[in-house]
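**Student:** Use the sequences and the hints to build the structure in full.
Residues per chain are reported as follows:
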Amino acid sequence: MAGFQVRLKADTTVARVHHEVLGYGLGAEQVPAPHARCGLQPKAHSPKPGKNHPVASVVECTGERIVRMGFLETLQNSAFAAWVAGAPTILAYPTILALHTVGLGVVVGTNAIVDLRLLGVGKDVPIAELKRVFRPMWMGFALNLATGVALFIAAAEEFGTMPLFYVKLSLITIALVIAGRIRRVVFRHAPASDACIPRQAQILAAASLMLWIGAITAGRLMAYTH
Amino acid sequence: MMPFASWLSRTSLSMALQGQEGWLWPFLETFHFIGLSLLLGIAGFFDLRLMGVMKRVPIRAVWEFMPWAIAGFSINLVTGLIFLIAEPRQYVENISWWFKVLFLVLAGLNAMLFQTTLSTRIVRLKPGEDTPISFKVVGAVSLITWLGVLYFGRLMPFWGASTSAGL
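Chains as they are written, first to last, in our numbering: chain A, 1 to 226; chain B, 1001 to 1167.
The calculated EDC-like cross-link candidates involving lysine to aspartate or glutamate, where the alpha carbons are at most 16 Å apart (straight line), are:
hint, chain 1, residue 1, chain 2, residue 2
1, B, K1055, A, E129
2, B, K1126, A, D124
3, A, K123, B, E1064
4, B, K1055, B, E1129
5, A, K123, A, D194
6, B, K1126, A, E129
7, B, K1055, B, D1130
8, A, K131, A, D194
No lab work stands behind these hints: they were computed from the structure.
Here the structure is a predicted model, which is why all the values come from computation and not from measurement.
**Tutor:** Below, the structure is given as structure tokens:
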């Protein structure tokens, strides 16, 4: 399979709608129809709404799964999802995706600054001053929470049933808890930590780097697991 | 560019890479995103400091992290070149990619300008002191151009991709 098709599967999951509507990028005939598995299209683009309603798939499901699928369907069939996925402007899906990547860079980059300092990089940097990177970090996280929710809603059935997505969320959650712990352990006694960084803090920093790398990996691999 | 791209795509190196795309692409993309995080997070933090944000953070301290931003850039240059060598046509036929390259060149020139003419003034700045206007301009240009690189990089599959490119 050639480059973009391999590379951009999840990035274009929702964008396939774009290709059909606008002819952006890849030819529509070359990519599978969106949401083909559940026979659903976002309402705005469905030529015959309800025609392919996944009664069959619901019949196969039971209990909790029906509820969950129903919820994901509702999300994905919302007007908001239709806008994100199909609005004929690069300000919708492509820009939300780009903002999600900006937030990723800010969150992981600022965490890397703290982690690297604790692991011995930039020893002249007063640790107390590093506390300030937490504000941009949380701003980046807020951006990614908002854009992430929008991207999720746009393809709720796809992502909501993807184990890798939950792996990614778990890694991020643990990484955030660790960031909070680092803040407590290190910065409460910052002046004392400058010369000698507590072993516990170094372990947390190493774990933090690993978790963020893991989260990025999971996020990227989501693009290849349809 | 097209003759060059066609020639490049027929080289043995390109063809060897094409044969490995199934695993190579997700593998390299993960590194490309890790590099992006180092570059944007660390260089972006430095840019904000140049612009006068977070004045209490000593600018020299942030400067010490810059080798890691350069490491991130290097990761992305190498992985990006591999993408390009493997699928030259899908990039040179893509308008977004050209915008990405344009912003990359602007960001590079801006960084070189800072490195050659302004960076020695960093040591003279006292903690808490406001940055000169030249620092603010360079910082703002850097931030905007790197965000431009990222934005158009992410836009590639959506805007300006040729249907025939590399498929």
